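Novice: Take the given structure of chain A and dock chain B to it, following the hints.
So the chains spell out like this:
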Amino acid sequence: MGPIVARIRSPLAPVHAAIARHYAAHEVADDGQFSDFPVTVAPPSLARRFIRPTVTFRLDDAPVFQPLPAEQAFALLEWGLNWCIATQCHQYLIIHSAVLERHGHALLLPAPPASGKSTLCAALVARGWRLLSDEMALVALDRGDVTPIPRAIGLKNDSIDVIRRFWPDAAIGTVVEKTLKGSVAHARPPAESVARQHEAVRARWIVLPHYAKGAPTALEPLSRGAAFMRLVDCAFNYAMHGRRGFELLATVIDAAQCHSFSYGGDLDAAVRTFDALAEAS
Amino acid sequence: MNAYRRLAGGGDVVAEALAGGNDTARDDGPYWEELVSRAREANLLGTLAERLHERALIDRVPEAPRAHLAAARIRSEAQETAIRRELRQLARALAEVDTPIVLLKGASYLCAGLPNARGRVFADIDILVPKSRLDDVESALLLAGFVTTHVNAYDQRYYRQWMHELPPMLHVRRQTVVDVHHALVPETSRMHPDSAHLIEAARPAAGMRFSVPSPADMAIHCATHLFCDEDFSHATRDLVDFDSLVRYFAVAQPDFWERLLPRARTLQLARPLWYALDWSVRVHHTPVPAEILRDARRDAPALPLRWLMNGLLGPALRPTRGRASTRWARRALYVRGHWLKMPPHLLAWHLTVKAFRRENASGEDGKSADAKPDA
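Line by line, the protein sequences are chains A and B. Numbering-wise (the working numbering), the first sequence opens with residue 1 and increments by one. Numbering-wise (the working numbering), the second sequence opens with residue 1001 and increments by one.
It is possible that part of the hints are untrue.
As the list claims (entries may be wrong) - Stretch-level coverage of chain B by chain A, calculated; a stretch enters the list once three of its residues show a Cβ under 8 angstroms from a Cβ in chain A: (1) 1037–1051; (2) 1061–1067; (3) 1073–1087.
To be verified - Beyond 10 angstroms from chain B on every Cβ pair, some chain A residues (computed): (4) Pro3; (5) Pro14; (6) Ala20; (7) His26; (8) Phe34; (9) Lys156; (10) Lys213; (11) Val232; (12) Met240; (13) Glu247; (14) Ser281.
The set of hints was computed from the structure by calculation and includes no laboratory data. Since we're looking at a predicted model, the values are computed, not measured. Each residue gets a CB set at the ideal place from its N, CA and C atoms; glycine is no exception.
Chain A extracted, bound-state conformation:
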C-alpha cells in the first residue's frame, strides 16, 4: 500500500477474506522483500479463540491496543496499521486528512473525526476523483508533495447507507456493529487509484469540511492563517519536526487555495461544488 509494505499474519479466515476483498487491486510483496511492519491479528490466547472470542493487534510481537471482540478483527487491523504509520513514519509530516486528486492536483480535506471527511471522500471517489488516502496525508519533508497510500475507505454509522445509495457499484464489506466508533464498514479503493499509488501529488486545494445535518452546501474562502492552524491541529507529528515542520506547512499552504466547506448531506451538490473548483483552477 503506497510506500508501505505490511507483513500481516492472522489465523482468522474472516480477516483473510476481508483482505482479499478490500486489497484485491494491491500488489502482494515477495516473501523475501523487506516489510515495514510485521503485524499479527490473532486471539490473545487459545481460550480467547473460543470463549467470548477477542483479537489483539501486535506490531513486532508487542500488543498495541486492548483486545477487541473477534468480529472487529479487520477494523482492528486497519486501525492498527494507521497507528503504525502515525507513530513510526516520521520521514513524513502526517496530517489527519482525506487526500484526493483531479487534473494532477491534490485536494486535502483535513478534519477531526465526525466532520464528514470520509463520507465526502467516498463520494468524490465514486465520481471519479483519484483516492490518495481517506485517512492521512503523508507530506514528504524534502519535496513537500503528498505520497499516496490508498487503502480501504472507512465508513461509519449513517454514512454506510448513504454511500451505498450514492455509489451502488461500491464494494462495501461486512458492517461491524458496536465498535468504539459505532457501526463500521470498509469500501474497496478503485483499482485505478491503486495502480497510480506511486504518483505523488502537490496540494492545490485545502478545504476544511464541516457536516451539519440539513445545512446548505457552501464553499467559502478561508484565510491561510486559519487553514494553517487547522493543519497543525490535525497533524499527528507536527511537534516532531520543529522549525522544519513549520516551514514545510507554510510552503504547502502558500501553494494552495484554502476554503471551508459546509454541507448537510446533499452529496450530489457537494461533488458538483468540488468539480467546479477543480475546473476553475
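Specialist: Just chain B now, with coordinates in the frame of chain A:
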C-alpha cells in the same frame, strides 16, 4: 560468547549491528526486516541509526529500512530538544529549593554528553534528591503545575511508604512526567544502598542547576536499574547503555576501573554490577579487564543460583518478545524482582490488593492499553 549464543538460541541481530561487526550494507530484505523490527521492539532504532551515521554506513543501507532509521533520528532529535526544554522548566520550578538535585538515567546521559545519549529515546525525567528535602521538592513541583498521579490511597501508600520514589508527577499543561527519587532501590528492598554517597559524589552538569552521578555511580546505577527491576521489557536497551557507559568511561576516566568495584561494594550494589559486567561481556564483548572480572565474580551468586539466573537472563535480555523462552524468562524475573523488592508478607499483601483491583477495574477502564485505536 558461545555460551550466550547457546543460551539465547542463536546470534543477536541487534547487538551485532550495534557493534558494527556484521555487513550492514547488504541488500537483504529478511535481514533488515528482522533488524528493524527487533530494534524497534527494544526501543533501539534511534541508537542504531546514530551508530550507522557515526560509521558512515547509513548511505549503504537499502532505501526502505533507511526510511525507518531516518524517522527514528527525527524522533530522537525532537525528543532531545523537548527534554532540554523541560529541564529548563524544571530548573526554574526548583530554583528556590536549596538542595542538590541529581539527574538519573536518560536525562543524566544527555546532560553529561555521553555517547549512549545519541538516539536514545525516553520520555520521563528522573531526579534524585535527599530524602530530607523530598517534601520541599514536591511542594515546589506542585506549585509549578505538576500534579501527583496514582491518586488512589493504596497507590499513594505504596509509593510513599515502601518505594524509593514519589508517584510520577505529571505537568498538567505540558503533559511531561518527572520521577522524584530519594533512594536507588525501594525502601523495603533487601539491599540498602545509601543514596547520600551518590549525591555527595555527583558532579555539576555543564551550565545547569542539576548534577549528574560520578562515572562509577552512573554505571552502577545503570546495572542496578537493569538487574533489580522486575520489568525486563527494557533490559535489552539498558544493557546497551551499560556497555556504552563502560566503554566510554574506561577511556575518558583513567581511574574508572580502580574505583568501580570498591564503590559498588560501598553502595552494597556489587551483585547487580557483577551481572551487568558478565552479561555485557557476553552480549556486547565489552572490553572489561580480566582482573576486574575475576574480582567482580566474588560478588556473584553461588553456583546453582548462578546457573538458574544465567538460564533466565540469556533469553530475557534478547529483543525477542515473540519467543516463548523470552516471555517466560521475563515472567520469572518479574517474580524475582518483586521478591527482591519486598519482604514476603508485604509482597503477598501487595499482590492480593493488585489482583482484587484488576478484577474490579476490568471492563471499565482500558488505561493499560498503549493507545486508543483512534490514534
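Novice: Run every hint past the structure and note whether it holds.
Specialist: Verification of the supplied hints:
Figure legend: the region 1037–1051 of chain B, annotated as covered by chain A; annotation consistent (4 residues with Cβ-Cβ distances under 8 angstroms, at least 3 required). Requiring three or more residues with a Cβ within less than 8 angstroms of a Cβ of chain A, the coverage given for the region 1061–1067 of chain B holds, as 4 such residues are present. Here's how the region 1073–1087 of chain B fares: 5 of its residues keep a CB closer than 8 angstroms to some CB of chain A, so the rule of at least three is met and the hint holds. The Cβ of Pro3 (chain A) sits about 8 angstroms from the closest Cβ of chain B, inside the 10 angstroms cut-off, so the non-interface label is violated.
Every CB of chain B is more than 10 angstroms from the CB of Pro14 (chain A) (nearest about 18 angstroms), matching its label as outside the interface. The Cβ of Ala20 (chain A) lies farther than 10 angstroms from every Cβ of chain B, with a closest approach of about 23 angstroms, so its non-interface assignment holds. Every CB of chain B lies more than 10 angstroms from the CB of His26 (chain A), the least distance being 17 angstroms, so the non-interface label holds. Distance check for Phe34 (chain A) against chain B: the nearest CB is about 4 angstroms away, which does not clear 10 angstroms, and the non-interface claim fails.
Lys156 (chain A), annotated as away from the interface, keeps every beta carbon of chain B farther than 10 angstroms; the closest lies near 12 angstroms. Residue-level check passed: Lys213 (chain A) sits 23 angstroms from the nearest beta carbon of chain B, beyond 10 angstroms. With 10 angstroms as the threshold on Cβ separation, the claim that Val232 (chain A) sits away from chain B holds: the shortest Cβ distance comes to roughly 15 angstroms. The beta carbon of Met240 (chain A) is not kept farther than 10 angstroms from every beta carbon of chain B, the shortest such distance being approximately 4 angstroms.
With a cut of 10 angstroms on Cβ distances, Glu247 (chain A) stays outside the contact zone with chain B, its closest approach being about 15 angstroms. For Ser281 (chain A), the non-interface assignment is confirmed: its Cβ lies about 33 angstroms from the closest Cβ of chain B, beyond the 10 angstroms cut-off.
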